[in-house]
Amino acid sequence: MTLTPLAAVLIFVGIPAAFILLMALIILAPGWTRVGSYRPGEPWPYEPLMISGSGTTDVDDSLAITPVAELGEDEPAELVFSVGVGGASARW
Amino acid sequence: MLAGEELSTAFSNSQLAEMEKALLNATRSTGAWFCAYVGSLPAGRQSAVALHDSLEFPNTSVLVAVDPEQRLVEVVTGSSMREALDDRACRLACLTMTSRFTVGDIAAGIRDGVVMLADHARPLPSLHTDLPD
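Chains as they are written, first to last, in this note's numbering: chain A, 1 to 92; chain B, 1001 to 1133.
Where hints are given, some of them may not hold.
[As the list claims (entries may be wrong)] In silico SDA-like pairs for lysine to any residue, Cα to Cα no more than 25 Å straight-line:
#1 B/K1021 with B/M1116
#2 B/K1021 with B/H1120
#3 B/K1021 with B/D1112
#4 B/K1021 with A/A88
#5 B/K1021 with B/D1119
#6 B/K1021 with B/E1056
#7 B/K1021 with B/A1108
#8 B/K1021 with B/D1053
#9 B/K1021 with B/G1031
#10 B/K1021 with A/A7
#11 B/K1021 with B/F1057
#12 B/K1021 with B/F1011
#13 B/K1021 with B/P1042
#14 B/K1021 with A/Y46
#15 B/K1021 with A/A18
#16 B/K1021 with B/A1084
#17 B/K1021 with A/L22
#18 B/K1021 with A/I20
#19 B/K1021 with B/G1104
#20 B/K1021 with A/A90
#21 B/K1021 with B/R1100
#22 B/K1021 with B/D1105
#23 B/K1021 with B/D1087
#24 B/K1021 with B/T1098
#25 B/K1021 with B/A1089
#26 B/K1021 with A/A8
#27 B/K1021 with B/V1115
#28 B/K1021 with B/R1122
#29 B/K1021 with A/E47
#30 B/K1021 with A/L49
It is worth saying that the hints were derived from the structure and are not from the lab.
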């Protein structure tokens, strides 16, 4: 029994293509449907959080992270370094 | 997510639980207070240090502050922590975290960074010891 050209294309091209498409959907679909996924560099739309072993809380606006940003144009920015703190910084 | 809609929480419950567990384990194993901040750091390290100063016990606290929009991570250690957790270990932790942050996984990055900081930190000396009779 000989295959018609159409049958040959369907068997040898169509079946592998359908398999590849199915695998691609299985791998990529969770990313399309995930709610709230974040991409680096995009604006961060969420409230600031402070997380510790005892729980997670929204950060109080009175904490000292805003005074520098609220300084007027004529006022020099003050360094807010505490004496003796250590650590490190990094960017990505 | 609709266009222009702000989500109120950045992380799922399981992600928050993972981070809280890592922070709690780090606190218990080292005696230092570990916490993490995710949000805006308008003045960069100055903001992170100011946040650290606002903690209840800043001298024995370690703060991991992440600003995803500026792509900035800051580790701030209290003055009493500098011998127990040196700056070199903090830099290694930052490298570990940024490898996760690059792909957008903030929660896993914080968790891995806190675990590394706790592994490198030596426990703070305790002034109260119960000696066996």
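To see whether the hints hold, each was checked on the structure:
no.	hint	in the structure
1	B/K1021 with B/M1116	holds (14 Å)
2	B/K1021 with B/H1120	holds (18 Å)
3	B/K1021 with B/D1112	holds (12 Å)
4	B/K1021 with A/A88	holds (23 Å)
5	B/K1021 with B/D1119	holds (15 Å)
6	B/K1021 with B/E1056	holds (20 Å)
7	B/K1021 with B/A1108	holds (12 Å)
8	B/K1021 with B/D1053	holds (23 Å)
9	B/K1021 with B/G1031	holds (15 Å)
10	B/K1021 with A/A7	violated (58 Å)
11	B/K1021 with B/F1057	holds (20 Å)
12	B/K1021 with B/F1011	holds (14 Å)
13	B/K1021 with B/P1042	violated (28 Å)
14	B/K1021 with A/Y46	holds (22 Å)
15	B/K1021 with A/A18	violated (44 Å)
16	B/K1021 with B/A1084	holds (21 Å)
17	B/K1021 with A/L22	violated (38 Å)
18	B/K1021 with A/I20	violated (40 Å)
19	B/K1021 with B/G1104	holds (21 Å)
20	B/K1021 with A/A90	holds (24 Å)
21	B/K1021 with B/R1100	holds (18 Å)
22	B/K1021 with B/D1105	holds (17 Å)
23	B/K1021 with B/D1087	holds (24 Å)
24	B/K1021 with B/T1098	holds (20 Å)
25	B/K1021 with B/A1089	holds (21 Å)
26	B/K1021 with A/A8	violated (58 Å)
27	B/K1021 with B/V1115	holds (10 Å)
28	B/K1021 with B/R1122	holds (19 Å)
29	B/K1021 with A/E47	holds (21 Å)
30	B/K1021 with A/L49	holds (16 Å)
Hint compliance for this structure: hints 10, 13, 15, 17, 18 and 26 are not met, and every other hint is.
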